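Chain X is fixed; fit chain E onto it per the hints.
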Amino acid sequence: MSGLAHILEGAGLATVALALIPQHARGMRPPRALAVPFDLGRPLGTPGDAALQREVVDAALALLDRDEPGPVFETLDVDVPAEAEAALDGWACPVPLPADDVPRTEASDLAEEVGLLQPWFDRARRERAATSFGSSTLEIGAIVDWLTRFADEPEAATSPVESLSLGDAMKLAAEDLKAFYLEAATAQPGAHPAAALDRWFWDETRAGAFLRRLKERLSDHEDGAVRIYARVTLVPDIRPTR
Amino acid sequence: MREEDVPKGLVGRELPDFGDPPRVEPAPASERRVSIVSTAGLIHRGDRPFGLGSADYRVIDRDDERDLLMTHLSTNFDRSGFVQDHEVVLPLQRLREAADDGSIGDVARFHYSFMGATPPDKMRATAEQVATTMLADGTNVALLVPV
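For the record, the sequence lines run as chains X and E.
Residue numbering for the first sequence follows the numbering used here, starting at 875 and increasing by one per position.
Residue numbering for the second sequence follows the numbering used here, starting at 79 and increasing by one per position.
Derived from the structure by calculation, the hints contain no laboratory data.
Hints are not guaranteed to be accurate.
Stated by the list, open to error - Heads up, simulated DSSO-like pairs for lysine-lysine below, C-alpha to C-alpha not over 30 angstroms straight-line:
| hint | chain 1 | residue 1 | chain 2 | residue 2 |
| --- | --- | --- | --- | --- |
| 1 | E | K200 | E | K86 |
| 2 | X | K1089 | E | K200 |
| 3 | X | K1089 | E | K86 |
As the list claims (entries may be wrong) - Cβ pair distances, simulated, as ranges:
| hint | chain 1 | residue 1 | chain 2 | residue 2 | range |
| --- | --- | --- | --- | --- | --- |
| 4 | E | D95 | X | Q1062 | 44 to 54 angstroms |
| 5 | X | E1090 | E | D179 | 46 to 56 angstroms |
| 6 | X | D1026 | E | D178 | 47 to 57 angstroms |
| 7 | E | H122 | X | S1039 | 22 to 32 angstroms |
| 8 | X | R1073 | E | A214 | 39 to 49 angstroms |
| 9 | E | L213 | X | S1039 | 33 to 43 angstroms |
| 10 | E | E206 | X | D939 | 44 to 54 angstroms |
| 11 | X | P943 | E | G180 | 46 to 56 angstroms |
| 12 | E | E82 | X | R1073 | 18 to 28 angstroms |
| 13 | X | R978 | E | F188 | 43 to 53 angstroms |
| 14 | E | G124 | X | Q1062 | 21 to 31 angstroms |
| 15 | E | D95 | X | S1033 | 32 to 42 angstroms |
| 16 | E | L213 | X | R1113 | 39 to 49 angstroms |
Please read these numbers as outputs of a predicted model, since none were measured by experiment.
Beta carbons: idealized from backbone N, C-alpha and C, even for Gly.
One chain only, chain X, in its complex shape (with noise of 0.2 angstroms):
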């Protein structure tokens, strides 16, 4: 982002940045930063909270009015909501998940997961204006099916998706998987903290666990984009501190 601007504002725009880390703004020197202090994911902060929001808004433009030479570079002061502090103790998964106690087949574990979930997600569908599922293209069934099979003949396995690699498909539907998951865990009501989500997906959910398996299973693949995006991205070694 701090790169960004410096092309931008040598283009002719003013350019202010916001930071999610603030250490990398400080070394790259962007013309004005504000670095906040919210969670990868939430730049402004908390959802719903358009009073939070818009300090973080007016604070960064505000830079603007800093008639100084650049670097300009300066920290928001706020504190983490409360209400999400006081929700991460007693956050809960939105539906009671299907004892793991009968091992089954991951398809069909995972299916009957999804399917406890899916009446939340088509809430969430009706009712939002964004979402970050679809970006495989393919239907939650789909990507079920066609991850677990991947999953058990990591060679044999082919991209659902035309347009797609085999290692973008792989990709694309894993992080499917897990938005529909949070899409779906977010449609209840109340505060949904990112720490108290992340810890539901990859501690207790199955398809948190499966991602883990996939993982490991296709670490070593002959397809170098696939082996690269299993190493790397599909596992988070960056969780959520609130």
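Frame of chain X; chain E shown alone:
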């Protein structure tokens, strides 16, 4: 993130050196026409998805907020905030409010989305093209929003 919360794996990396920052004299607040530049890989459903290392961009129309899709390829950030309220990534309504109360002059019609994991030097040509388009549209301020 707060500096103390940034994982060690993200700091200490060698960063691109862009030198001293250029400086454009900003227009007075009431004359600022603001466009958002996002690196969240945002597209409207049906747009071409970004690929890994894509250096191109997509146009987000101010008047077409339906069915926005975040396609950033990194798994290291939380997307749930965006799907609950896309203002946490693309604060168009907050900018409208700023325009309504006179904090800025106007919200640009067009906003721009890049793929965040792409090295910035690789995006230079397309970013300069975006800048040209912005200036031609009367935009004079870019609010850059990472993810």
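Hint by hint, which ones does this structure get wrong, listed from lowest number up? Hint check: 10, 11 fail, others pass.
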